[in-house]
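Use the sequences and the hints to build the structure in full.
Here is how the chains run, residue by residue.
There are 2 protein chains.
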Amino acid sequence: MRKSGSNFRTIWQKPDDRETVQIIDQRRLPHEYVVQDLRTWRDGAVAISDMLVRGAPLIGATAAWSLYLAALEGRNTSDQSAFVAEAAEALGATRPTAVNLRWAIGRMRSVIDSADRGLDLVSLLETEARDICDEDIEISRGIGEHGLKLIEQIAATKQGEPVNILTHCNAGSLATINYGTATAPVYFAHAKGINVHVWVDETRPRNQGSQLTAWELAENGVPHTLIVDNAGGHLMQHGLVDICITGTDRTTRTGDVANKIGTYLKALAAHDNNVPFYVALPSTTIDWTISDGLRDIPIEERDPEEVRSIYGRHGSELCSVDTVASTTNISNIAFDVTPARYVTGLITEHGICAASEEGLVSLFPSQAPRKE
Amino acid sequence: MRKSGSNFRTIWQKPDDRETVQIIDQRRLPHEYVVQDLRTWRDGAVAISDMLVRGAPLIGATAAWSLYLAALEGRNTSDQSAFVAEAAEALGATRPTAVNLRWAIGRMRSVIDSADRGLDLVSLLETEARDICDEDIEISRGIGEHGLKLIEQIAATKQGEPVNILTHCNAGSLATINYGTATAPVYFAHAKGINVHVWVDETRPRNQGSQLTAWELAENGVPHTLIVDNAGGHLMQHGLVDICITGTDRTTRTGDVANKIGTYLKALAAHDNNVPFYVALPSTTIDWTISDGLRDIPIEERDPEEVRSIYGRHGSELCSVDTVASTTNISNIAFDVTPARYVTGLITEHGICAASEEGLVSLFPSQAPRKE
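Taken in order, these protein sequences are the chains called A and B.
Be aware that the first sequence starts at 1, since it is given in my numbering, and climbs by one per residue.
Be aware that the second sequence starts at 1, since it is given in my numbering, and climbs by one per residue.
Keep in mind that the hints were calculated from the coordinates and are not lab data.
Nothing here was measured: the structure is a model prediction, and the numbers come from that model.
Careful: at least some of the hints might be erroneous.
One-sided and incomplete, this derived list gives chain A residues near chain B with beta-carbon spacing under 10 Å [said to hold, decoys possible]: (1) ARG28; (2) HIS31; (3) SER81; (4) PHE83; (5) LYS260; (6) LEU268; (7) HIS271; (8) LEU294; (9) SER326; (10) ASP336.
From the three backbone atoms N, C-alpha and C, an ideal C-beta is built for every residue, glycine too.
Structure representation (structure tokens):
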């Protein structure tokens, strides 16, 4: 089975049972490809909070499908809408940083709110969740097409030598429905025959780079090399990175980007070495209500066990090992904020713009501040 | 047994057998405290290349003791001096980046070269190796005393709140003979009753921070928190780091510092957030022959297995797990160079100076460039 490519999806309805939603348990990649059934909205909430699924767009899509499951469960309750609304409340609290979660839930809620009594809520929410996923694929395609131009420009200067792209965490197919955000331009360039090579940051503590990005690049035949998170600066100092492209979990209207912890350090190194640093994002990731990322974006702190304990293969067995003394105190901050001044540009489905309010409004004019 | 403190040493002659040198197998900390015998110079070479011992000063000391072992072995050969010289050649090639290795071997060789025929080479080299270790402790003490002043200055502004110190890798007791370089000021401040707290970078891929620095800080009762290498920038953005202190494996005469991969990224973050970034070093780590760190310091590339495979405790068993797909291509660069412009100052056994040729020559006037 080819697990990636153009027909790939990270979340779908079970073919012979539309009342079950299926996902890949991403915690077990690359060692095992395990499909997990979601039968209740609580299954969806656990999949998000325990990170069976992760990545801002996929978190949003999983919440949307979970509300469809809630509508199914709520059929037998006295107030289906209230049941779904309660599920929406709980789902909204699963992870604090990604704004897509809030966005997707808001979109599902407005379907509920505007539905005429008597209409079938299950089928309305099913359609909406499916639309969210279909649209996400189109968004990734848009990001891919716009970002492709950046890679083509660099390729034109490299006389066939590979274009070296550094990415952090997984903003790939596995973080979206397909194609990814940061990886979409890479996949589109690779498909066009451009010689690309990706430096994959390991991305401690959850190893989304070494375990997810490396997996999906391999599935798609894209040349790549895994490095520890510490190495990117050295590579940039030595001219071995042509462009950085990362994703983001929330972008302010001024272009500050919250992304996986460590992104800020790579942006600083890119700035110091004149390497372009781009952030790829669906417009659903923009939080138009805030303007100071460092002050306004809530940063999730996660279980110290994620740092202490590492999962992998020991012979034929899969297990976790504790790498540090059991008494060691650990802090596990999941995201950081890269100020807009270190971001060369934002790659969205509408085009590429400067990481600034002016830049974003030029692509999304309906968000222009109202003149008073 | 109290494994650390003022009587602690990382390398010593076996009490009842002076012809055996003993070290701690640092690869097994913090899970096990295992003492390893070195009986031949080749044992010493393996201990260095396989990283049973690491840290620039301890690498130098281990090479010195290995040459003492070579002199013992060479007693039964036709040319003891030639035998030792051959060992020196091989030891010098074990690790490329740390300059102390070259320095310690050079010092042992000059003892050999200046020894009168008929003198006991074994006892001369034994004395010299012991002197190198004793002097290293005095050097660490000097670094500790000078660096203490920096911490005292910060403490004076914090009204009893902890002084937060971030360090990368292990430039601790375990990297030297005792006290360490970067940790010496911390130990001296802690001993003086100053409220200190250390942010310990995990330091992928070898985890010297989470496994060695955390271990020795715990042994000495110094409060600390482990973080992934990605987290330091976020902490600095939020005012949670008062000072960074790292070690170095080689410093140019102009103040560029090679240190464990990732140091450069922390220096960039410190610079961006006005956090003082100091590098602690014995003068033996200065390479007076070079002036451009990025161009002139050889950077070691190590076995990809160090990234792929992680050692730890699984239940009661100690084992390694493979964290990534077996087909994943990996690059494992061990060091990076932080340009002098990002280093607030150098803490040496002679005092603190600017990271510049002028600064270094002010502390080491005999190294002033000759006027022609």
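Which numbered hints turn out to be false for this structure?
Per hint list: 1, 3 and 4 violated.
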